[in-house]
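There are 2 protein chains.
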Amino acid sequence: MDLKRLSILGVGLLGGSIGLAARSKLSDCHIVGYGHRRETLTRAQEIGAIHEAADNLGDAVKDADLIVLCTPVLLFGEVLKGIAGSLKPEAIVTDVGSTKRSVVELAGRLLPAHASFVGSHPMAGSEKRGVEFARTDLFENALCILTPTDSSDAQAVTAVEEFWRLLGMRTCRMTPADHDAALADVSHLPHAVAAALVNMQRPEAMRLSGKGFLDATRIAGGDGGLWRDIFLDNADNVRASIARLRRALDEFEGLIRARDGEKLRAWLDAAAARREELVRERLRDEA
Amino acid sequence: MDLKRLSILGVGLLGGSIGLAARSKLSDCHIVGYGHRRETLTRAQEIGAIHEAADNLGDAVKDADLIVLCTPVLLFGEVLKGIAGSLKPEAIVTDVGSTKRSVVELAGRLLPAHASFVGSHPMAGSEKRGVEFARTDLFENALCILTPTDSSDAQAVTAVEEFWRLLGMRTCRMTPADHDAALADVSHLPHAVAAALVNMQRPEAMRLSGKGFLDATRIAGGDGGLWRDIFLDNADNVRASIARLRRALDEFEGLIRARDGEKLRAWLDAAAARREELVRERLRDEA
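Protein chains in written order, with the working numbering: chain H, 9 to 295; chain L, 9 to 295.
Just so you know, the hints here were simulated from the structure itself, not pulled from any lab data. Quick caveat: nothing in here was measured; it's all calculated off a predicted structure. Glycine included, every Cβ here is placed at the ideal spot set by N, Cα and C. Careful: at least some of the hints might be erroneous.
[Said to hold, decoys possible] Which chain H residues face chain L? A few, computed with CB under 10 Å, are given here:
id	residue
1	165
2	166
3	167
4	174
5	185
6	232
7	272
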């Protein structure tokens, strides 16, 4: 893809970091940012994440080769409606949302035939939010999941893949449905559980918590609005994930009720070993 | 307490760190270590955690002013039987176990009237185990919970409190029952949940996990044998904690099923705020 004009819709932590990273890799690409708060756009310009701030969605995407949706997930419908009439022929649209079925469905319905949509989930971020935390290297070595469908344009998929790789990411492809089910298990459920672990505590117990509790609940410190949207958008999968966690807890409870030390040890060791293997995998990925 | 002879039974991460810290603070205290593996004792001597290695429990505690049980929790009964006949008058015995009801009950039954037992839970450690990870500063600024009972000797309680403070710890007192119930909520349950979160994963989902999953499950990497003992010893409380987590998850599930974005946001924000307050508290404690 000859990327001469990049449009970033929503210039927070992710949008800002995309701007910084794209600017460092593409010297002749003009980057336009759009957001509903003027001061965020000004700040994004000051730190060099965007060249230009647009006042409305139409101007923001006009002539853009690639448009990246970085607003909250539940605003995607509105944003897609707002840009549909201003996309140039062969414009490619992608996003950074944590759920993929809904945006893929919306894009298929709302965007014109002369533009292409490819869903993306760059798995980078932090519990911090806002363009002031944007970093050029936020995406370095992290994984980006692309969710093309049977009706996706093959060249557009390749172009979006190349874009994330340019920003330093590893990429893989999944269907939107597989993505949402897998992420419910490894990301959305752990977040809900972390929040539940905090909310269930009595103050007199919580003041005794150590480093383990703080680690286990760190993700509960994330942005409530962002996570509300994820949970509402992926509710069916999240409920299925909760059901599977309940079954794992049933198994554990059965072992301590039966005082089966041997099987309990095996259950605990299996978790430790699987996690250890995952840590090794991550170290290999990042090497 | 005039501590001239300290006996450490079980010289792993905690026992070794107690030796190192006590040696750095008490120049004229002789430290004897006991353990079932000769090479561990040799290593403990090499790193300076103990002055002397004892071959049997009787020799290990002979003439000791303070004895600290650092073996796995489920071995405490055996160890207490092994030392009961060799304790000098007014010897003080304590422990580092993560559960307190059982050891307090055992000590009351097995130790002679001329010795005193005071339960301790120094909340320091790491997912690492073994004397090779022992550190002089492991206890610095961490909390030690003492669990005296109505029949505890007041002077012995004060002496044990002073010992942990000498090692740099903050201290507080609770009943053994309150301790075990609170720790089930803030420590044992989070560990079980972390292991369940790993064990429930399908491989194709787990390979997509990010930093949040690794943080949320870090405690599942702990020693399986140690944790098996904790879960078996505190099974009733752990089951009650699981029941309360299930109710918190019920509440969450109810909110996403009802698509109640406002209450869901409030539930998530409450967790984030309570955790943030806890982090601030910890920073104050450690300042």
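So, going through the hints one by one against the coordinates:
Given hint, residue 165 (chain H) at the interface with chain L, is violated; its Cβ is 19 Å from that chain's nearest Cβ, farther than 10 Å. Of the supplied interface hints, the one on residue 166 (chain H) is violated, with its beta-carbon coming no nearer than about 21 Å to a beta-carbon of chain L, more than 10 Å. With a least beta-carbon distance of about 23 Å to chain L, the hint placing residue 167 (chain H) at the interface is violated under the 10 Å criterion. Given hint, residue 174 (chain H) at the interface with chain L, is violated; its Cβ is 21 Å from that chain's nearest Cβ, farther than 10 Å.
Using the Cβ-Cβ criterion of 10 Å, the hint placing residue 185 (chain H) at the interface with chain L is not satisfied: the shortest such distance is roughly 13 Å. Look at residue 232 (chain H): its Cβ gets to within about 4 Å of chain L, closer than 10 Å, so that hint holds up. Contact between residue 272 (chain H) and chain L, as hinted, is supported at the beta carbon level, the nearest pair being about 5 Å apart and thus within 10 Å.
Hint compliance for this structure: hints 1, 2, 3, 4 and 5 are broken, all remaining hints hold.
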